[in-house]
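> Starting from the given sequences, assemble the full structure and let the hints guide the process.
Protein chains in written order, with my numbering: chain W, 1 to 111; chain U, 1001 to 1110.
Computed from the model, here is a short list of chain U residues facing chain W with C-beta under 8 angstroms: (1) 1040; (2) 1048; (3) 1098; (4) 1103.
Straight-line alpha carbon distances no greater than 27 angstroms define the calculated DSS-like cross-link-like pairs of lysine-lysine that follow: (5) U:1057 - U:1009; (6) W:103 - U:1057; (7) W:103 - U:1009; (8) U:1044 - W:68.
Treat the hints as calculated values from the structure; they're not laboratory data. In this text, a Cβ means the ideal position worked out from N, Cα and C, and glycines have one as well.
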Amino acid sequence: GQNIDQPTEMTATEGAIVQINCTYQTSGFNGLFWYQQHAGEAPTFLSYNVLDGLEEKGRFSSFLSRSKGYSYLLLKELQMKDSASYLCAPEANQAGTALIFGKGTTLSVSS
Amino acid sequence: NAGVTQTPKFRILKIGQSMTLQCTQDMNHNYMYWYRQDPGMGLKLIYYSVGAGITDKGEVPNGYNVSRSTTEDFPLRLELAAPSQTSVYFCATGQGYEQYFGPGTRLTVT
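In structure tokens form, the structure reads like this:
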């Protein structure tokens, strides 16, 4: 079966660092995406991990451990505009490599 | 290069009515997907297509139909709208390591 677990909500202050964890169970795992979704908008791509390890892209980094079924998204130097939902989405080798989405983590950044 | 476009942006339907949600992409991607997102919930796959002429069911296909006559277009059809189909519908395309989402269609069935 498919199962994705990430915290429902997180809060942080401007300039801080926050780590959003995601654990998953999925058959036919290819890789894992992280998407950002602002309220009322479409998801936008942040990162894709297929190999174990850390991928860094500016203020955002994403980590994957395939053996543990675990990933995290690290956001540095938080800004108010980072307030959004963050979606962990494993990619399965089925259904045309469609993504499997959890409910996401709503991050609120305050000043 | 418009990417993925969806029409309409908003629609209110009465129970039992039918409608087609349009999705068009200009990126020449083979893979296309329809997801729905209910409030506070994750996106769920309705239907997908791996190329023109090929479609298949996702996780929640009941009450919907699709067709894929061209690479560019992947319309989603609701035949007998029900309140349970009130949701935001996102079309997406994929090629390689990324999926691109359209802006979404907000549908309310009353």
